[in-house]
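K.L.:
So the chains spell out like this:
Number of protein chains: 2
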Amino acid sequence: MPEILNKYTEIINTRLKELLDLKQVHPVIKDAMNYSVMAGGKRLRPTLNIMANALLSGNVRETLDIACAIEIIHTYSLVHDDLPAMDNDDLRRGKPTSHVMFGEAFAVLCGDALLNFAYEVMMKNALRHASNMDSHLKAMLEVATGAGVYGMITGQCGDIENEGQILTEAELKQVHEHKTGAMIKSSLLSGLLLCDPRQEYIDALTVYGNNIGLTFQIIDDVLDIVGDSKKMGKTLGKDKTSKKFTFPTLYGIEKSMKIAEEKTEEAVNALTIFGTRGKELTDLAYFILKRER
Amino acid sequence: MPEILNKYTEIINTRLKELLDLKQVHPVIKDAMNYSVMAGGKRLRPTLNIMANALLSGNVRETLDIACAIEIIHTYSLVHDDLPAMDNDDLRRGKPTSHVMFGEAFAVLCGDALLNFAYEVMMKNALRHASNMDSHLKAMLEVATGAGVYGMITGQCGDIENEGQILTEAELKQVHEHKTGAMIKSSLLSGLLLCDPRQEYIDALTVYGNNIGLTFQIIDDVLDIVGDSKKMGKTLGKDKTSKKFTFPTLYGIEKSMKIAEEKTEEAVNALTIFGTRGKELTDLAYFILKRER
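Chains as they are written, first to last, in UniProt numbering: chain A, 1 to 293; chain R, 1 to 293.
Source of the hints: derived by calculation from the structure; they are not laboratory data.
Each residue gets a CB set at the ideal place from its N, CA and C atoms; glycine is no exception.
A hint or two may mislead.
Which bits of chain R does chain A cover? Going by a derived footprint, with three or more residues having C-beta under 8 Å, they are [what the hints assert, rightly or not]:
1. 16-28
2. 112-124
3. 130-136
Let's have the full structure, built from the sequences with the hints guiding it.
P.N.:
Right under this line is the structure:
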């Protein structure tokens, strides 16, 4: 794990484990939820949430459950994405996928349980922070908007529909903005919103989020072609098999990387407003550009 | 539609339609969400929410979006329950199920989108009622608890696992309490919680909810054997085919109906504390006992 992600991984993982130590629930669903959430992963989105919260001297203890809820939502989306009816993937985070381990019915229920549980976690957290409840509700709504039909889900629909199609750069960007970008942006903004931020801070972090979101997806698609399946813990070469239209399909690898570099610079420039506090997110932007290669 | 359910159906349906008039989302997911939510249905759970809210002179406009969110959550659970990997049902509310209409991938995403959207709706509603935000959060958490791994989802797990098994009455009750009872109870309590109720009111409504929840499921299972598939708008006789263990399997139809009658009396008695305001929920309990036969 690169150092920049190491900083918060332990407190995120410890809290996730605590939260998922569920009592009086069906044992198979408890296992399935724990299996997928604790299978590893970079914890990128919760880290973004905590780092964004820290931009305005937030309190990591206050945003930690929102960060964990975001990771739980991300995990649910992977569990459902991997289903036979969707991407039909057998390997995720280096391990057999949920439906391979628990069967398809439990994998559907596991995703449902995780999504719902994320909201339970955030609501309980909000009730514990009664003096800042309005900000908590805004942060939760930001997460929900990124995860839902206005965000990630519309992106996944585009992804399904576009298989075998040829897209323009604008169309491709739009799918990416929804599919990956929306949750990345929401992870950041929800952390910031707990601090009752001025609009210019929200705007700056939105620019940062949009740009690292796009970079993340471009790099993901490039790695699907040139990456090391063992290092990445998932089946690669799937985009070609499933005829998914990506930045490398449109521009080739070299130009795609050039675009990713430009986007990263735009992201980093947007952080200027936060002064030296922007250091962590700057490092993270470069990590996303250079990850696993 | 029986008169007791008629009272709030129109405002529920009108509001659901407004809420689901989504802009800038993927057209197929918008269609799929609208298709399943607007396919009809008795709107029992949102009606329970509004009636419970009215017990303590609540404000129907304030709880209406919670009521709608509950119906949206109920619909998501049906969409996923009907999937080939789950109950594999082709017919629901008298119409082809979501995966028959839109394909399996979109049916998975439609369920996900609906569940997430329910929380978006409730959070926006809470933000509009800033002076009562604490009660809104408690009401939302009640809904989330009923819908999630502590409630409905653990019930669905039990349902899958118990196919072909023989259960005791206690085991069967436990599955029912989770699968159907939890959401019915949460529908009621979330409506009440907006009024900052005394504990004795919560307790009374919990007794009512547990008893009508069990009655609802017993009648459902009896109707699966003796009901009219056309009237009910779904495939019947499925419990036998799938070897689902139910109250009629355990006790036969006559004794099952006797239990349902007893439970209904217990439910109605619990409403005494609310005086004449309990009239609507009393009528509803008898409707549940006598529905569609």
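K.L.:
Are the hints correct? Go through all of them and say.
P.N.:
Against the structure, the hints come out as follows:
Residue count for the segment 16-28 of chain R with a Cβ under 8 Å from a Cβ of chain A: 5. That meets the three needed, and the coverage hint holds. Under the rule that three or more residues need a Cβ within less than 8 Å of chain A, the assignment of the segment 112-124 of chain R holds, with 9 such residues. Counting residues of the segment 130-136 of chain R whose beta-carbon sits less than 8 Å from any beta-carbon of chain A gives 3, enough to reach three: the coverage restraint holds.
Checked against the numbered hints above, the structure violates none of them.
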